[in-house]
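Listed here are the chains, written in short residue letters.
2 protein chains.
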Amino acid sequence: MSNAQQLFQQLQEQLKKSAKFGYAASLMAWDHKTYMPDGGADGRAEALAAVETESFKIFTSDSTGEILDKLSAVSSDLNSTQRLFYDRVKAMYGRQKKIPADFFESFSLIKSKAQTIWVLAKQSSDFKIFQSSLEEIYSFVRQLAEIQGYQESPYDALLPDYEPGMTTKQLKKIIKELDQLKVIVKTILEKSPKPNEHLVHGYFPEEEQKKLCLMALEAVGYDLKTGRLDRSEHPFTITVGPDDVRLTTNFRAWNWTPSFFATLHEAGHGMYDQGKDKLLKWLYQDSGYSLGIHESQSRMWENMVGRSLSFWKFFYPKFQNSFPYYSQIPLSDFYAAINLVKASPIRTQADEVTYNLHIMLRFEIEEALLNKKLEVKDLPSFWNQKMKEYFNIVPQNDAEGVLQDIHWSGGMVGYFPTYMLGNLYAAQLFEAAGKELPSMERDFENGNFKNLLGWLREKVHHFGLVEEAPRLIHRVTGREPSSEPWLEYIKNKFGQIYNLTFNPD
Amino acid sequence: MSNAQQLFQQLQEQLKKSAKFGYAASLMAWDHKTYMPDGGADGRAEALAAVETESFKIFTSDSTGEILDKLSAVSSDLNSTQRLFYDRVKAMYGRQKKIPADFFESFSLIKSKAQTIWVLAKQSSDFKIFQSSLEEIYSFVRQLAEIQGYQESPYDALLPDYEPGMTTKQLKKIIKELDQLKVIVKTILEKSPKPNEHLVHGYFPEEEQKKLCLMALEAVGYDLKTGRLDRSEHPFTITVGPDDVRLTTNFRAWNWTPSFFATLHEAGHGMYDQGKDKLLKWLYQDSGYSLGIHESQSRMWENMVGRSLSFWKFFYPKFQNSFPYYSQIPLSDFYAAINLVKASPIRTQADEVTYNLHIMLRFEIEEALLNKKLEVKDLPSFWNQKMKEYFNIVPQNDAEGVLQDIHWSGGMVGYFPTYMLGNLYAAQLFEAAGKELPSMERDFENGNFKNLLGWLREKVHHFGLVEEAPRLIHRVTGREPSSEPWLEYIKNKFGQIYNLTFNPD
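Chains as they are written, first to last, in the working numbering: chain U, 1 to 505; chain E, 1 to 505.
With the rest of the complex left out, here is chain U (with noise of 0.2 Å):
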């Protein structure tokens, strides 16, 4: 064996004995929201932080920081997946360790407190009790891009951790290419008649739903001998082993369609982690790879597949099937129900065509506090403002405006902008996809998805990890990261929808 290969084994080796406590903080956080009772909350907290530390120490010893400067020396001896693979390493390493280890430390106890603040503040509705802790967030936030460093904006010293890759200008140029976003919105809006959006409401036994998102799990092609599908508060899919990635949703008896797509949005999450080639299996980190295409997988299953005509062509029977109370609804009616267009003060409720224009109002505030443009204090006037300007709605109380996400409690700026990214790496890829395979609609039709999942395993999932989201984009698509393609697919299908010709760009 070369002296490249002896090293990249010991590499591989040293992250696997960081990787195992990772899994194991993992399963604590997986049990933490699913089965835990709630006497288990405190213990849990202080041996999930031991173990947590023992892998981030693992990592960033000076053991791995000796392997990947040998490495350097010897690394064009390495095959490309090795040296795509060394190259994240290295990146990932080089970031973490920049971090003195009481700063690290501190601002792990500022988040943990300012989350539980940020919960009380959301349950009180009232923005006043979260200030401070957000305005010590962002002193932290702020310190932490000046120890990595940045040439422009102090925002691209964030972003690394989130969307490798993706500098603050070029995210600025698309959202300038999605700016139409907003006549769009206002177009579909006052389009009538609409949808009819009382036909998603009802009265669905939790099991039954539980079955039919089984059954769409399976036909995706979601494994279920490597996964799973709990319950919990709010959903979300988590690794907690080389082969063991699982999914939750949530259920609620009077609307079956927030449990049935947050289950094809995380089997989206789940397949992309389940599709990594072996050689990632044990590359355990929270941070560092791409979330942006991470997002692309979940959006492209929930939406431009779960949402489609051609997927309901094949499970609308299955379903009518379950709810006998379907049989009477035309298939167009559901489609357009499943689809309907609606300005919601929440993100998480948000449809495919108004979504990022919730992710563009978070990154002008983020961007704004960040360059001190924008004071902590005026962020809910702030906020009520831009949501009339966007939606022509104005949020009751600040839990359902800028109290709603749980994101900036954890200290995660530069988080938001990967779920607008994804949006539109989803659509360019599955246009690239589209291509590629001319059958793929009718395939959906017939219950195939076989063709799309080997094409992403292929193409996407096997690398994507440790690849950087403009450079993977590029190589499967043939061109840069774009709007362009979400903007025509958004235009195409919400234009039959809702009976509507967009002008040309």
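Calculated from the structure, these hints are not laboratory results.
Any given hint could turn out to be false.
All copies of an identical chain are treated as equivalent in the list; a pair is satisfied when it fits inside any one copy or across any two copies.
[What the hints assert, rightly or not] Derived EDC-like pairs: lysine to aspartate or glutamate, alpha-carbon spacing no greater than 16 Å straight-line:
(1) LYS17 to GLU52
(2) LYS225 to ASP42
(3) LYS388 to GLU400
(4) LYS210 to GLU400
(5) LYS459 to GLU445
(6) LYS373 to ASP62
(7) LYS16 to GLU46
(8) LYS318 to GLU218
(9) LYS194 to GLU445
(10) LYS16 to ASP42
(11) LYS377 to ASP333
(12) LYS278 to ASP42
We have chain U; now place chain E onto it with these hints.
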């Protein structure tokens, strides 16, 4: 704070560090047996080993040893419960520290392989497949006995992992006292008419069984805010955090008794752990404390409470509500049916009366193998001959004979006697409780188990985990551990059910 108090606090902090990884490992083990998808097994085994080892390393580190050494000079300044705690930890540390790291690792590997082979052997019902593994296990166990050291019998070197303070001599004395059990069993088995065992057979939907189990848990006082009941192949109790003690059971639709009595059994274990003093909550150890006392709690709630007439005077109406079939069955017939005595080849299916005979057989074998008075290859014929002698039955095959239990494949030699001791301790403690709580039986009839639980909390649970069983039993009952209360209990209860009079001792 005095020097002793400072050191004691340091000791607790050190143990807490170890316990954090210990609890993480327990959660991983719990998940393995409840919810983990099959694909997760390989990765879990590797991660679990790393997390367990971390806990072991911290516990057996020199830091722990130094604190213990320093404390030994000032231990007279500790209060009595602290002293009890210190003595137990010192004993645990002493034993674990003696084990050389390479021996620990090779033995772990041998055990892990032997368990896999045992599963195969049991599936094929062929002892020969397992024979050489068991020989290897016994060779390691003999080495372990030499490492730990002993005066008379190598068995004495192993017992402290499961029943500290107990000697082989004392065990033999107890077993000798139990010799009359063979006559009692014979008398009962020959008596007719027998209770109608088919009264427990039928169709009992899992959902209804689970409801009844939860109702019983609530009634006896197991705290579901710091616990759970899940389903697993073999019932067990596991503590996965300082305030998170979980039970499992299994359901068979054709017979409700295994799930129900296993739930009460595990509840006994669970309430013991839930009742630990705060001082003990971050003491995580899987060996070195009295398993006999632990088992006394499970057997007491399963049998002395759960299979008592007074319990069913309270619970039978609820039960009949769930399973209307029983509304036609008089309580006396029902009570006799759940207390049927029947020779079974399988220990875990044994009734209260015959159970200890299964243990006596295993103790005899363990000691003989350890002392090389019996060879592993002769085990099946020895086993079958003893079964004939004790129960007048011969197992149909090795799976329901010598291969039935997992313990030996896991290297656990010295464990079985704690089941028998658990039965005896339970009777001795229950007798004492009855004297101090004269209304106990009437309490049960009224669904009040608080007085018994409160008594056990105070006398047994708070510091039971750090006290040696002979000392605890003497403190609480005023006499040495003895088989006499249990024999009395058996003669009374089954004399009534079977309409028999047993000769006085």
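Structure versus earlier hints, numbers of those that do not hold, lowest first: 4, 5, 6, 9 and 11
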